[in-house]
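Enquirer: Now for the letters of each chain:
There are 2 protein chains.
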Amino acid sequence: MSAHLMSLNTATVREQMSLRQCIDACARFGIAGISPWRDGVAAMGVDKAARAIRDAGLAVSGLCRGGMFTAGVGAAGRQAALDDNRRAIDEAAALGASCLVMVCGGLAPDSKDLSVARARVQDGLMAILPHARAAGVPLALEPLHPMTCADRSVLSTLGQALDLCDALGEGAGVALDVYHVWWDPDLSAQIRRAGTRILAFHVCDWLMPTTDTVFDRGMPGDGVIEIRAIHDQVTAAGYRGLTEVEILSHAWWTRDADHVIATCIDRVAAYC
Amino acid sequence: MSAHLMSLNTATVREQMSLRQCIDACARFGIAGISPWRDGVAAMGVDKAARAIRDAGLAVSGLCRGGMFTAGVGAAGRQAALDDNRRAIDEAAALGASCLVMVCGGLAPDSKDLSVARARVQDGLMAILPHARAAGVPLALEPLHPMTCADRSVLSTLGQALDLCDALGEGAGVALDVYHVWWDPDLSAQIRRAGTRILAFHVCDWLMPTTDTVFDRGMPGDGVIEIRAIHDQVTAAGYRGLTEVEILSHAWWTRDADHVIATCIDRVAAYC
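If you're matching them up, the sequences are chains A and B in order.
Numbering-wise, this note's numbering puts 626 at position 76 of the first sequence, and it's gapless, one number per residue.
Numbering-wise, this note's numbering puts 568 at position 18 of the second sequence, and it's gapless, one number per residue.
Isolated chain A, as found in the complex (with noise of 0.2 Å):
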């Protein structure tokens, strides 16, 4: 019932499923839209996966991920990050793709500086910006939550990702995932703040207790955030897209696709 108003992040069945997999799997339970992984595109060749998408007649919520823009060494790894991202951005593009999905990156390797990876992460945004442009492709800004600062992204908090958008300026939105920022007090001030460059929407849960501070996300309803409610703030504040499920979790990667599929779906409807 929910499944049009849905799109499936593949990395909910990672362990289970390949794109190919994937996106017959949406076909099938009449799911509206697919958020493939990089890896599982190139594995069946981007061409060939953006037909399959295509003739399935799925939209494209996401391209997961560009970004990493600190985990590089020196010039050469800085420049290999810039290059990596452009590539990023051309697979979005033909893929057709509504967004690339940037996870900026964590502290530079031996460095304990987050406003040196904060500039990095800016700077890296700037040079790739003209291209993401000239593709057509937006860049979503992925706030993800404080735990993951020292490893993953140095970008923490909505207010965070729409002040460097400020910077940036035309081509560069956010992502917003509810696991990422539903404790943030200042949350529903930077939705409405966001307004429009609002340009995915991913929910997934939060478990009591949390046992692995990246592959342990809930399924939604299992945990203790008010999707709903977030929901219907993104919603207000004019995003019209698709709701993407996401979930890392090493719990719902042991278990059958189609029943984590169908569960997803029925929590959609149950809770966004």
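Note that these hints are calculated values from the structure, not bench results.
Heads up, some of the hints might be wrong.
Stated by the list, open to error - Stretches of chain B that chain A covers, calculated by requiring three or more beta carbons in the stretch to come under 8 Å of a beta carbon on chain A: (1) 659 to 669; (2) 699 to 706; (3) 763 to 775.
Virtual Cβ for every residue (Gly too), placed ideally from N, Cα, C.
Got chain A; can you put chain B on it based on the hints?
Expert: For chain B alone, kept in the frame of chain A given last:
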């Protein structure tokens, strides 16, 4: 060499030492202060603990902890939390603690509503503040890392804590633990805003990877936090108190207590 600037939070060696043993160790190592937990104080008896700490010449940089306003169910549960907090204030006064550290509580039982939890925290603080003022015990609101929002503290950032202090007025300040706030893009500005309302300064470190959301804190220097930089900002804001080492860590709890304490002293010298 840095022991005279340091306070030992007894949780750092809670699996190895009683409060009595912690007091003796602080005296033996020349550590300037101690920050006991209430269970240890209760086990020893508050008067006996107060006398022993005084006889050892130790400052009490805080009593851990008050708060948890959201834990109880119904009116009786709320009242029990207030009563317990008033007892904590009395104990802090008896110990001559420079503040009562407040871990304010997570979501209420069976509730996902953050605004309800935040309101209960504020109401609870308002209710006990007159008792705290009368006892001369400042309440040190401790923002906790957002990964503890569901189960420990809906108070997540220094800015949010200071907003609450503004609402509470005299007798309320903050306890700043680098572990909880190091990731915050607004940290420097909020430290300046806090000024002399910083009542306690706690250090440990953020490990990469972090394997437990509560009990995997690192020894200063073993992780990625720029502790000295934050320390310098706190000092510049006007803080003149001790640097309290609080390490909740399954790993450090398995080690010889004297070794742990000696390492703390060395690391405070090197990183604070």
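Enquirer: Does the structure break any of the earlier hints, and which numbers would those be?
Expert: Those not satisfied: there are none.
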